[in-house]
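K.L.:
On the provided structure of chain A, position chain B as indicated by the hints.
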Amino acid sequence: MSEAAAQHGPPQSFIWKYVFSLDHKIIGLQYYALALVAVFIGMFLSWLMRFHLVWPNAAIPGLQLLSKNGAPDGLITPEYYLSLLTMHGTLMVFFVLTNAPFAAFGNYFLPIQIGAEDMAFPRFNMMSFWTTFVAFVVLLAAFVVPDGPPISGWTAYAPLSAIGKDAGPGLGMGQNLWGISIAIFCIASLLGSLNFIATTLDLRAKGMTLMRMPISTWAWFITSCIALLAFAVLLPACLLLILDRVAGTSFFIPAGLVVSDRLQPHSGGSPLLWQHLFWFFGHPEVYIAILPAMGIVSHILINSMRKPLLSHKVVIGSMMAIGFLSYMVWGHHMFLSGMNPFSALVFSFPTLMITIPATILALIWLGSLYGSRLQITAASLFALGFISMFVSGGVSGFFLAQPAIDIYLHATYFVVGHFHLVMGVAAIFGIFAGTYFWMPKMTGRMMNETLGKIHFWLTFVGTYCIFMPFHYLGLAGNVRRYSSFVDDFMAPLMPVHKFITIAALCTGAAQLIFLYNLVHSRFWGPVAPENPWNATSLEWTIPSPPPWNNFGGIHPVVYHDPYQYSVEGAKEDFIMQNSPEQVETPIPS
Amino acid sequence: MGKLFAVTVAIIAILSAVPIVMNYWGPPVDISTHGAAIDEQMHQTMWEAGIAFLAAQLVLALFVWQFAGRGKNDKLKSFPGGAKYLVIAAFLFVGTEILALGIIGQKAWASVYFAPLEKDSLTIQTQAGQFAFYFRYPGADGKFGTLHPDKINEGNQNFFGLDPEHDVDSRDDIIAGELAVPVNRQINLMMHSKDVGHSFYVRELRIQQDFVPGLDLGVHFTATKTGQYEIVCTQLCGLGHYNMKAYLSVLSQEDFDKWLKDKAAQ
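Chains as they are written, first to last, in the working numbering: chain A, 1 to 589; chain B, 1001 to 1266.
Here chain A stands alone, though its shape is the one from the complex (with noise of 0.2 Å):
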């Protein structure tokens, strides 16, 4: 239980405090930062895209000073909304799906929920979080290159990725930052994921078996298994991409391709590969967004409804049968890529499968909540608008495992909807829930209610305003990542780009209050109390914010299963698991 501490004493400078941390929590504040950032820039530029489909002549002013090749005049250009496409997509997937539910509330809260005073490598934690910072601005230099950002899309594939300048603009040193940014991101992945599995398995406090330990930290853990596999495929997937750039190379290049009217110098290599390797960590990704919010959203709803799940057990092997099955699925991205159409119906199967666990998920949250005592603040709201927006993106993933369906879904907005809605959408309410339900653990303020239940009700409406409508644009076949509508079948669509682009605008612009709120309670809010939900687990026995060491050097002991609440003859309606009260019918998990 010591050797955490033993690592690393109490931070001595501004530096080593808030910058150069080793401390678990502001390394995860870090994450958390980041992805707010990353959220936003993101937001804006789907904002910008959303613009530009709708009103395609409609000068956005100021937008020549961002790129003055991609938007000359403020208007943006064929290949400059594929550069916004392809940013947003890779700022939000890695950035922020991947950084905020997992790595940021994962390192804040899986060490103190299982009673550790830090990550069993503090400094392996510091290394991950600045190799993620220096991932992200290798990105985001993208914008500044001469070039402008890759247009090849957030999957990048290849050869269109591969082959270089030829191929397009932002295809040269644009889509090269973009490479190195990922790889750079696989490793501080990598770092991070081992970090949590060593933290979990061997800094447990005395009486965390590993049964007793709360839901949101088994998600952690079992996202960070996912993790550690996926981020291992993608990374040797995108240092072959720039060698294939910069090296002279043929992995994903195949010979006899004329590219700008020019033969290229490649050959032997299959643009399938790429695909293959992108896909098999691209659709664990999807549970690496989604698990965390499902550990966060069911721990926060458990509280709120003063009940436990109906089986602890049942949620924590639904959440790793979906780990499991999310390795053997990756091809259902590929039904129509020239694949052996042989493999579309064995890939289509454990696809299908997947469903059973989800639906399980489902079903015990639902369940659960009949004959709750459920409270409503802002952080249960949007666990109940997760459980809405799950189900919503869940259903229309039982369209696209079919490989038959997906001949006429796949490449259409019923796509950018169905994902959007499930590991969007879902894994950013599992965000907003456990901001509103841990800032004040994390910043020692409490946050306005008010305020987050206005946030919750125009996200809540407004996220469905935008995305169900692209499951319908998706139906009559509208393709996507079109800069425009210059095909006769799709210019009548045009009134429910309209409706969704304004929806995405006022659903943007709602974010701020969500920002104001997080801003200004941070330093002029309440001060939180230790316990203010009078919640059971480990981070809520320790002050608000926690001292740099968790437990002010005590080792909590822990006697109970997470989730007692209500329990008969306990003095409150929850004992907390390292209170030695003693009850007699303890609720079993």
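Since the hints were derived computationally from the structure, they do not count as laboratory data.
Quick reminder that beta carbons are idealized off the backbone N, C-alpha and C, glycines included.
Each hint should be verified, as a subset may be incorrect.
Unchecked claim - Chain B regions said to be covered by chain A (calculated; three or more residues, Cβ under 8 Å):
id: 1; segment: 1052-1063
id: 2; segment: 1077-1085
id: 3; segment: 1108-1122
Unchecked claim - SDA-like, lysine to any residue: derived pairs with alpha carbons at most 25 Å apart:
id: 4; chain 1: B; residue 1: LYS1084; chain 2: A; residue 2: SER566
id: 5; chain 1: A; residue 1: LYS165; chain 2: B; residue 2: LYS1245
id: 6; chain 1: A; residue 1: LYS17; chain 2: A; residue 2: VAL137
id: 7; chain 1: A; residue 1: LYS313; chain 2: B; residue 2: PHE1079
P.N.:
Here is chain B on its own, set in the frame of chain A:
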């Protein structure tokens, strides 16, 4: 506030279903022999997913309506049967759905990808390049000339890189910017990419297939209704991706023969 949440979720769920039930923006009428199976699969899935979606959202609304805001004096209840029955239900219902849709659905997939090549099928080659589709018909000899990427020259309209000087087979090859096909005859579309990944998508035909650079693929279909339809590229291929399109003309056999003759004469 719990009741407000319940009402909002219920309204959103029902409103979301309206455009689907009313079929405001559904797929266009199918013009292929295999499309009916895909449409049927989609229809079945829509029913099952739709019911699951509505049921889950409405139950969420109902429970939040009923149990939000209950205080310490209200008795806690547990869901009848607990987790066990929910797990069994998930395995049973979702399992059945997976078996039904998954296994039956393989037929629809097979009707596209495992359809045998018929004797009288017509082979047409399509080449995708930044940012246009071109189509090649073998001409009177029934043979395609060999492709020479180094000979590709858009300036003199040698889009495919043919070498008629040395290659006899290529001399009568017919090149077109639109895909004309005879109605009710199986087409064997050989797909070739000139540069990067592209995709061939015709909504009415219920066909979408990627072009893979370095890997020529064949896809079979039979169009059953004459008319003109849009072919669009659905694989991100560069700055002109949004504008990469061509037309599919499904013609009667006579019209097709005439079209081919006119093209050959050009």
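K.L.:
Does each hint fit the structure? Answer for all of them.
P.N.:
So, going through the hints one by one against the coordinates:
1. Only residues whose C-beta sits within less than 8 Å of a C-beta in chain A count toward coverage, and the segment 1052-1063 of chain B has 7 of them, enough to reach three; the restraint holds.
2. Counting residues of the segment 1077-1085 of chain B whose C-beta lies closer than 8 Å to any C-beta of chain A gives 5; at least three are required, and the coverage claim holds.
3. Chain A is given as covering the segment 1108-1122 of chain B, and this holds because 5 residues of the stretch bring a CB closer than 8 Å to a CB of that chain, at least three being needed.
4. Distance hint between LYS1084 of chain B and SER566 of chain A is fulfilled; the C-alpha atoms sit about 22 Å from each other, no more than 25 Å.
5. The hinted pair formed by LYS165 of chain A and LYS1245 of chain B meets the criterion: a straight-line CA distance of about 24 Å does not exceed 25 Å.
6. This hinted pair checks out: LYS17 of chain A and VAL137 of chain A have alpha carbons roughly 22 Å apart, not beyond 25 Å.
7. The suggested pairing of LYS313 of chain A with PHE1079 of chain B holds, with an alpha-carbon distance near 16 Å, which does not exceed 25 Å.
Every hint from the earlier list agrees with this structure, and none is contradicted.
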